[in-house]
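Produce the entire structure from the sequences given, and follow the hints as far as they go.
There are 2 protein chains.
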Amino acid sequence: MKVIELHASVTSSNDKDAELLRNELTEKGVFLINLMSSAGSGKTTLLSKIITDLKGKVNVAVLEADIESDVDAKKIEALGATSIQVHTDGMCHMDAGMTRAGLEAMDLTNIDLAFLENIGNLICPAEYDTGAHANVMILSVPEGDDKPLKYPLMFRESDALVITKADALPYFNFDVEKAKERALFLNPNIKIFLVSAKTGQGMQELEDWLCTNLAL
Amino acid sequence: MKVIELHASVTSSNDKDAELLRNELTEKGVFLINLMSSAGSGKTTLLSKIITDLKGKVNVAVLEADIESDVDAKKIEALGATSIQVHTDGMCHMDAGMTRAGLEAMDLTNIDLAFLENIGNLICPAEYDTGAHANVMILSVPEGDDKPLKYPLMFRESDALVITKADALPYFNFDVEKAKERALFLNPNIKIFLVSAKTGQGMQELEDWLCTNLAL
Numbered sequence: 117m118k119v120i121e122l123h124a125s126v127t128s129s130n131d132k133d134a135e136l137l138r139n140e141l142t143e144k145g146v147f148l149i150n151l152m153s154s155a156g157s158g159k160t161t162l163l164s165k166i167i168t169d170l171k172g173k174v175n176v177a178v179l180e181a182d183i184e185s186d187v188d189a190k191k192i193e194a195l196g197a198t199s200i201q202v203h204t205d206g207m208c209h210m211d212a213g214m215t216r217a218g219l220e221a222m223d224l225t226n227i228d229l230a231f232l233e234n235i236g237n238l239i240c241p242a243e244y245d246t247g248a249h250a251n252v253m254i255l256s257v258p259e260g261d262d263k264p265l266k267y268p269l270m271f272r273e274s275d276a277l278v279i280t281k282a283d284a285l286p287y288f289n290f291d292v293e294k295a296k297e298r299a300l301f302l303n304p305n306i307k308i309f310l311v312s313a314k315t316g317q318g319m320q321e322l323e324d325w326l327c328t329n330l331a332l
Numbered sequence: 117m118k119v120i121e122l123h124a125s126v127t128s129s130n131d132k133d134a135e136l137l138r139n140e141l142t143e144k145g146v147f148l149i150n151l152m153s154s155a156g157s158g159k160t161t162l163l164s165k166i167i168t169d170l171k172g173k174v175n176v177a178v179l180e181a182d183i184e185s186d187v188d189a190k191k192i193e194a195l196g197a198t199s200i201q202v203h204t205d206g207m208c209h210m211d212a213g214m215t216r217a218g219l220e221a222m223d224l225t226n227i228d229l230a231f232l233e234n235i236g237n238l239i240c241p242a243e244y245d246t247g248a249h250a251n252v253m254i255l256s257v258p259e260g261d262d263k264p265l266k267y268p269l270m271f272r273e274s275d276a277l278v279i280t281k282a283d284a285l286p287y288f289n290f291d292v293e294k295a296k297e298r299a300l301f302l303n304p305n306i307k308i309f310l311v312s313a314k315t316g317q318g319m320q321e322l323e324d325w326l327c328t329n330l331a332l
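Keeping their order, the protein sequence lines are chains A and B.
So the mapping is simple: the working numbering equals the position in the first sequence, first residue as 1, plus 116.
So the mapping is simple: the working numbering equals the position in the second sequence, first residue as 1, plus 116.
Take the hints with a grain of salt, since some may be wrong.
Each pair may be met inside one copy or between any two copies, as identical chains are not told apart.
Calculated pairs, EDC-like style, for lysine to aspartate or glutamate (alpha carbon to alpha carbon, straight line, at most 16 Å) [unchecked claim]:
# : residue 1 : residue 2
1 : 173       : 131
2 : 171       : 273
3 : 190       : 262
4 : 191       : 262
5 : 296       : 186
6 : 132       : 245
7 : 314       : 205
8 : 307       : 220
I should point out that these hints are in silico values taken from the structure, not numbers from a laboratory.
Values in this document were obtained by computation on a predicted structure and should not be read as measured data.
Rendered as structure tokens:
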């Protein structure tokens, strides 16, 4: 499995680079989603479920960004999806130049949907346009329904919020309506999905939304 | 409640500043713990439980560091503990200068044990010496037992690992022995506690360890 070591982007014009990358991907028919969340919220598990469910219908590629390990890319590769690991040299976010470098190392022929699994935290990734067509954030039930209060920028910058580990709701003091209300207060246009990759709850709705964005 | 807006420290000699702060706190009889974890792992809930359990025996102060909100400091204040909120101007870590600024805004007379509740992520906080006497990290059961593989620096830099939300073990695929093994492989000296702030499991052991460090 290939691993790419990334360093800070040479160019400082990240917004311009991001727009350029987005347009190029659109032309290639690749829809790129920037997936952001805290560490341990279930990004890789959710992606694994999506890849399995969409097999044969949608060709998925995953760009795994991590500080140093490659455990996630190995999991995705085991599912038969195109995957590459990038290391960010300690940086807690991905920018457009780093995303481009990662994507260029993959064969995107026939790929319909690409995910950038961003570095696991709710802070720095929200500040950089990666060139993705949509920002999707995950909030897992055990993290608590107060997270919109603490990380407002992440909620403001996201097109969709996926509340994961819904199967754990009976064991945690997580108020779904309060979480939704707080997210919508920060971002009235955010789409919200409540899912469990374990039981399959809500996955169809999320996958339908992902597919409406694709030029299949 | 006071809120302090912090910006990047003026001085670049963080290690020297940290050592100086540590010595000053030792002289004052204040033991400072730098508490680090991912967002939503239960830092504030754990602190609340410790404060309640040690009431009347140990005087606790909490320096709450957040990007912008003050929800955590309000929770701590409601318990009657000395607390102050600092905002990091978007930065995902605290350094020694920022920690000093926060502590200087609190009355530390009679305080035995101070906690710095660091910014919620497993990446940047591990890179800066805050001037604390001990680094303690939290890993909550829902985050998964593979976290040592992904955030090794945090485990290497921590004196103690507190595995929280132990009451959720029946509902998650979290192998305690594997998590311990992986943490000890990275850091053979790390002390490991398995606790639930909800049920009280393991709290006595953790609190005993905290108290052995204090000059009461």
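Hint check:
Taking the shortest Cα distances, residue 173 and residue 131 never come within 16 Å of each other, neither inside one copy (33 Å) nor across copies (54 Å). Proximity of residue 171 and residue 273 under a CA criterion of 16 Å is satisfied in neither setting, with 29 Å inside one chain copy and 42 Å between copies. Taking the shortest alpha-carbon separations for residue 190 and residue 262, only the inter-copy value of 13 Å comes in at or below 16 Å, while the best intra-copy value is 33 Å. Proximity of residue 191 and residue 262 under a CA criterion of 16 Å is satisfied inter-copy only: 12 Å between copies versus 31 Å inside one chain copy.
In this homomeric assembly, residue 296 and residue 186 never come within 16 Å of each other (Cα to Cα): the closest approach is 33 Å inside a single copy and 20 Å across copies. For the homomeric pair residue 132 and residue 245, the shortest alpha-carbon distance inside one copy (9 Å) is at most 16 Å, but the shortest distance between copies (36 Å) is not. Taking the closest pair of Cα atoms, residue 314 and residue 205 never come within 16 Å of each other, the shortest separation being 33 Å inside a single copy and 38 Å across copies. Taking the shortest Cα distances, residue 307 and residue 220 never come within 16 Å of each other, neither inside one copy (30 Å) nor across copies (43 Å).
When the structure is compared with the earlier hints, violations turn up for hints 1, 2, 5, 7, 8 and for no others.
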